[in-house]
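Enquirer: With chain A fixed as given, assemble chain B onto it according to the hints.
There are 2 protein chains.
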Amino acid sequence: MELLQELIKIDHQAEMPVYIQITNAFIHHIRAGRLRKGLRLPGSREVATLLGINRMTMVAAYDELKAQGWIEMLPRTGTFVTQDLPVLKPGRIKEEEKVFTIPAKPSFHFDEKHIIPVFSSDFPEGGKIILNDGFPDSRLAPVERLVSSMRSLVRLATQRKYFMYGGAQGTEKLRHILADFLSDTRGLPVSPANILVTRGAQQGIYLAAHTLLQPGDHVVVGEPGYAGANLIFRYTGAKIISVPVDEEGMDIDKLEDICKKKKIKLVYVIPHHHHPTTVTLTPERRIRLLELAAKYKFALIEDDYDYDFHYASKPIMPMASLDRHGSVIYIGTLTKTLAPAIRVGFMVAPEQFTTAATHLRKAVDTQGDSLLENALADLYKDGTIGRHIRKSVKLYKERRDHFCNLLRTELGAHVSFKIPDGGMSVWTKFLSADTMELSANAYRKGLVMGNSRDYDTYPKRYNSVRMGFASLNFREQEKAVDILKGLLR
Amino acid sequence: MELLQELIKIDHQAEMPVYIQITNAFIHHIRAGRLRKGLRLPGSREVATLLGINRMTMVAAYDELKAQGWIEMLPRTGTFVTQDLPVLKPGRIKEEEKVFTIPAKPSFHFDEKHIIPVFSSDFPEGGKIILNDGFPDSRLAPVERLVSSMRSLVRLATQRKYFMYGGAQGTEKLRHILADFLSDTRGLPVSPANILVTRGAQQGIYLAAHTLLQPGDHVVVGEPGYAGANLIFRYTGAKIISVPVDEEGMDIDKLEDICKKKKIKLVYVIPHHHHPTTVTLTPERRIRLLELAAKYKFALIEDDYDYDFHYASKPIMPMASLDRHGSVIYIGTLTKTLAPAIRVGFMVAPEQFTTAATHLRKAVDTQGDSLLENALADLYKDGTIGRHIRKSVKLYKERRDHFCNLLRTELGAHVSFKIPDGGMSVWTKFLSADTMELSANAYRKGLVMGNSRDYDTYPKRYNSVRMGFASLNFREQEKAVDILKGLLR
Chain A
33 MELLQELIKI
43 DHQAEMPVYI
53 QITNAFIHHI
63 RAGRLRKGLR
73 LPGSREVATL
83 LGINRMTMVA
93 AYDELKAQGW
103 IEMLPRTGTF
113 VTQDLPVLKP
123 GRIKEEEKVF
133 TIPAKPSFHF
143 DEKHIIPVFS
153 SDFPEGGKII
163 LNDGFPDSRL
173 APVERLVSSM
183 RSLVRLATQR
193 KYFMYGGAQG
203 TEKLRHILAD
213 FLSDTRGLPV
223 SPANILVTRG
233 AQQGIYLAAH
243 TLLQPGDHVV
253 VGEPGYAGAN
263 LIFRYTGAKI
273 ISVPVDEEGM
283 DIDKLEDICK
293 KKKIKLVYVI
303 PHHHHPTTVT
313 LTPERRIRLL
323 ELAAKYKFAL
333 IEDDYDYDFH
343 YASKPIMPMA
353 SLDRHGSVIY
363 IGTLTKTLAP
373 AIRVGFMVAP
383 EQFTTAATHL
393 RKAVDTQGDS
403 LLENALADLY
413 KDGTIGRHIR
423 KSVKLYKERR
433 DHFCNLLRTE
443 LGAHVSFKIP
453 DGGMSVWTKF
463 LSADTMELSA
473 NAYRKGLVMG
483 NSRDYDTYPK
493 RYNSVRMGFA
503 SLNFREQEKA
513 VDILKGLLR
Chain B
33 MELLQELIKI
43 DHQAEMPVYI
53 QITNAFIHHI
63 RAGRLRKGLR
73 LPGSREVATL
83 LGINRMTMVA
93 AYDELKAQGW
103 IEMLPRTGTF
113 VTQDLPVLKP
123 GRIKEEEKVF
133 TIPAKPSFHF
143 DEKHIIPVFS
153 SDFPEGGKII
163 LNDGFPDSRL
173 APVERLVSSM
183 RSLVRLATQR
193 KYFMYGGAQG
203 TEKLRHILAD
213 FLSDTRGLPV
223 SPANILVTRG
233 AQQGIYLAAH
243 TLLQPGDHVV
253 VGEPGYAGAN
263 LIFRYTGAKI
273 ISVPVDEEGM
283 DIDKLEDICK
293 KKKIKLVYVI
303 PHHHHPTTVT
313 LTPERRIRLL
323 ELAAKYKFAL
333 IEDDYDYDFH
343 YASKPIMPMA
353 SLDRHGSVIY
363 IGTLTKTLAP
373 AIRVGFMVAP
383 EQFTTAATHL
393 RKAVDTQGDS
403 LLENALADLY
413 KDGTIGRHIR
423 KSVKLYKERR
433 DHFCNLLRTE
443 LGAHVSFKIP
453 DGGMSVWTKF
463 LSADTMELSA
473 NAYRKGLVMG
483 NSRDYDTYPK
493 RYNSVRMGFA
503 SLNFREQEKA
513 VDILKGLLR
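Chains as they are written, first to last, in the numbering used here: chain A, 33 to 521; chain B, 33 to 521.
Here chain A stands alone, though its shape is the one from the complex (with noise of 0.2 angstroms):
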């Protein structure tokens, strides 16, 4: 409210009295837009003392404003800046201080070329279950104990140099600990040196591409594939070539087909589970990948979003613990284990690239959150993630198998799906309903699920959804399936 004694300049030498001066200048200022509409203003004691005159001169201003409509006094609450302002009478006010707000058009033209789909399950909303992309129940995520982990951190006096700047690499402490634990549980053969921390897998996927990528260069994905890297890499001003993905992941016949013919610069696979069928890339296959790799010379990502979450048996060893030649950018994330607001991720590549990323990422967010990464280092130590890990494996194992048993027993005439081997969502096909029409229908009901739009390949149509199971319980899986029920009949 210092702003007030900017905004109203009193003249004494003029002959207009000083309470309508004061009126007058409130009247400009709300209409312009300065004071905006619903504003709480400073009772007539604190302005009269602002500006430096009686307050009976005040009380009188603000009697005239009450009496012209632009403020309100509410007894026991407050004097504001009225909602409803009196009709603004054409002729009466110049053009210039008409109340204004930013027009939503800029002056200034611009392509709107970054389309992202919003998956329809995005927004969480109070009361309706989600049948979102396959996503963790955060109500298990050891937040309490992250928070307390941040709150011992602050306390401690060597802990402030992080509230500095440095370590756009992430951390030291946090990249130790998670060198050891890559090693230790996927077998990369890692230093921190190595590892840029991220802001989660979507992070890392922009950073590699953009580090990597030219205008022109050809990059080749899955389809069906996950929409959210296609618009990376089509926005760094790179062909996408499309190679189809099978039972066991991506063909790598027809990808060495392509190497022949073309220079590939990078190709990207999701290997446990390909997003968004769910199924995981074969031993066999990683190793023609590798290969395939440091013949042609491609950049492989490897975004192993999902390692955590395998059902079946253990999860598949990381193309990057067998990579000799330093072909594989690994990417990782911690959103799939903790939450997805919880936003810390990893790349792991050969320390070249590593140290290129990180320039790069200086520009684009200048580094991460320190406080929250050293936390996550204490979490990994004490092996609260490590217990988190173990006991969301089960828990979603047996969310799987329940929803997939409903699918089969409710639904089995209007669905098909595979049971995945791992992952938080089951890639269901819709054999007789659409499903766009289907997912509006049970928005209504109280749902919320994605529909083809979220995962369609244009031309390519599959009709299909991926039902994530894993952040509902049993009964909720029993309501979503039930409304599904009721609306397929």
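Hints are not guaranteed to be accurate.
Because identical chains share one entry, a pair is satisfied inside a single copy or across any pair of copies.
With a straight-line Cα cutoff of 20 angstroms, these simulated EDC-like cross-link-like pairs (lysine to aspartate or glutamate) come out [stated by the list, open to error]: (1) K295 - D143; (2) K295 - D285; (3) K450 - E255; (4) K450 - D488; (5) K271 - D212; (6) K69 - D212; (7) K327 - D283.
Because the hints were derived from the structure by calculation, they are not lab data. Keep in mind it's a predicted model, so treat the numbers as computed, not measured.
Expert: Relative to chain A, chain B alone:
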């Protein structure tokens, strides 16, 4: 360590004793790097259980490994893979069994295009005094209050939904509070729909530039200017045109000359206080800039990162507060208000532009940290942030005066500078010493400071350094100046 089960396969039918099979398997995997140097191994009892063998067999295997020097057993500590592994005799192992680590150089080609200037003062180091680029004193930041607020939030069931996806534009709660705050303190006629919450000013500039610019577009910046922004503009493929910055900010006559000759897409200005020179853009030039933006239809990025810290008088109202045409993209940050590592900032723009930038943001890092955003909203609401700003402004003004006094009395013959009206650093020209040499020598004496390489815009050389006074108390300032005095003598 469940990995061991996968790595070690025992053939009970084989002639070779089981303990030798196990010994060989360990050696094989240690050589291959899958069991890394220094790795803590489970005790013999645990491994025996894992592998389903007699414990004595495992003890024998460990004894053999120890005798050969592959593992170490430290009393009361545990069993570890030896740090100094036995020399590998060539010929004894197959090529593919060699210990391998990820090669530093990748197998694929990439152009190192992103060379970001690393500020010499970027890295906090124990025991050294740091004259940084102009950052706040993070020792004063209310981080304990912030984490307490996060702690209260995670205990609320209603907060849980914020751990799922949603809110690429920033949480509704923070955007509402920011809209009120910006309207009340800076006169911005803004609604939550205009605001995109970012990871600090850098991400704001990044998203604005990449939403707006196409390769070949012309961008006007000040000379000297902010390297971190110029880098972003160059990276989009835009062409940069420099306009001199004098005592009143960017030279608007020169800008108009350029606009008459070329289509300008974007003008980037830092009104409070230009980086690196710290000058404030005068009100007259602000009005002219707005007029030019409307006339020539260029976008105007107003990077007001330093707004809160103006000491000479009240800050000058942002151009965004007078922008009726929708020309201004207004950038602000909390990193200067609180601490550099608390990475939250904002972009304010016409709604269509904010929406497009939000789409791009989804590709870059999906969304922000909802918990942190809501905790900051609480700190705005309860007045913590307002109080912290008032307290810091008072303190930094005293620190500025003390520091400038020291520069004048102690180093007067060697430096030339103007007392800045605001901000957190003094733009100091060194008259006798070369700053490259000076900063190297200062480092050896325990003082970290920038050098001209951080600020030169080649081919222009300034031999000047921003000396951040805000994060040093009087005693630290005196020590810093004393070190410089010793070196300049």
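Enquirer: Which earlier hints turn out false for this structure, listed by number in ascending order?
Expert: 5
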